[in-house]
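K.L.:
Count along the sequence shown from 1, then add 6; that gives the number in the working numbering.
Note that these hints are calculated values from the structure, not bench results.
Everything numeric in this text was worked out from a predicted model, so none of it was measured.
Accuracy of the hints is not assured; some may be wrong.
To be verified - With a straight-line Cα cutoff of 35 angstroms, these simulated DSBU-like cross-link-like pairs (lysine-lysine) come out: (1) LYS288 / LYS302; (2) LYS302 / LYS154; (3) LYS125 / LYS80; (4) LYS209 / LYS154; (5) LYS271 / LYS154; (6) LYS126 / LYS102; (7) LYS154 / LYS242; (8) LYS82 / LYS209; (9) LYS287 / LYS158; (10) LYS271 / LYS281; (11) LYS242 / LYS102.
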Amino acid sequence: MKSDTFREDFQELLPAFLSSDTCLEMFHYLLDLPCVAAAVETREKLQANNDSVLETLVDFITRNESGSTDTVDKLKQLHGALKLSNTSYSVVSCSKNVAPLLERFFSQVYEEDDIDILKKLCPSIIERSLSLYDVEGYREEIEIVLGKYFLKFLQLHPDIIGEMQYEMSIFLSCLPGIMSAPTLASNLVWCVGEFLSSEISTKCTIETTTSMYESFEALAYEVSKNLADNDESYSKFLSCLMSALCKLSSRNQQLTARVLICLSKLANQQTTNDKMKGNIKKIIVDRANELSAILKIPNFASVLFNRRLSEKGKRNITVVETTARFLRQEY
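The task is simple: from the sequences and hints, build the whole structure.
P.N.:
Below, the structure written as structure tokens:
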């Protein structure tokens, strides 16, 4: 029997299961489906190891009743124990069904627009992007869905960004982890730059802005240092980081001089980067110079970097690019 035989039926049933009490467990269980398939296949072998912690994890993930969802801290251990099963037919087949189910789940969440559900899901999206079972192609497929809906959810309720500082700091502390989830990482950085403001969330203070700025600045230097030729994902992420740094500094004038120094250093790093050739180097250097030119007119920068989103959630990119070109010619 094919693994997707009942997928469409289950997609129709998913909305009926969704509530503030069940949403988080459903989210975790959908992501864990390939791991569940692997655990069912190898349960007897795992139990024979007489590892009480591992046995508890296997019992939990193959449970028949709903319960606690706090399994993320020990998922790495379980994934490691099930590593040899990640190529089995049932596990691979199961993994291919998760993205469509997750899409259906998230689309229903988006449609219902329940702030209580979104406050639970958004931090968990960040957390779980670093804890996915290692099946070929699975992480990449799921990460795109996570990144897509994380952005959509934050555009619905921008104030949620002020409640995820811990999860964001953990996520941003590991470059390999970030680059394994490039869509989510770029969207997270964009959301921080766009929405981390006291005008949007009362939990966003000057200290919060400064702390996030420092995290972004350190990350920008690390990404720039690791940038190599034809590394498109790193270059896009670095460009996103530079823009976010400018947006954050426009809300705290004490950071303006600091971001100008940062942009100058990033441009110089790429100018002397022997690993970089061709267009990518030019794009990064030009972007740094454009942003620096805008920041040199503080009043204008404050307005430009804090433009409110339109109803469709898109910035007026044409205005930004035209202004940047003009300023680059002036300076």
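K.L.:
Each hint needs a verdict: does it hold in this structure or not?
P.N.:
Cross-check of the supplied hints:
1. LYS288 / LYS302: holds, 21 angstroms
2. LYS302 / LYS154: Roughly 34 angstroms between the alpha carbons, so the hint for LYS302 and LYS154 holds.
3. LYS125 / LYS80: holds, 23 angstroms
4. LYS209 / LYS154: Measuring from Cα to Cα gives roughly 25 angstroms; hence the hint holds.
5. LYS271 / LYS154: holds, 32 angstroms
6. LYS126 / LYS102: holds, 26 angstroms
7. LYS154 / LYS242: The given pair, whose Cα atoms are some 16 angstroms apart, holds under the 35 angstroms limit.
8. LYS82 / LYS209: holds, 32 angstroms
9. LYS287 / LYS158: Satisfied, since the Cα-Cα distance of roughly 31 angstroms is no more than 35 angstroms.
10. LYS271 / LYS281: OK: LYS271 and LYS281 at ~17 angstroms, within 35 angstroms.
11. LYS242 / LYS102: Holds: LYS242 and LYS102 sit about 28 angstroms apart, inside 35 angstroms.
In this structure, none of the earlier numbered hints is contradicted; all agree with it.
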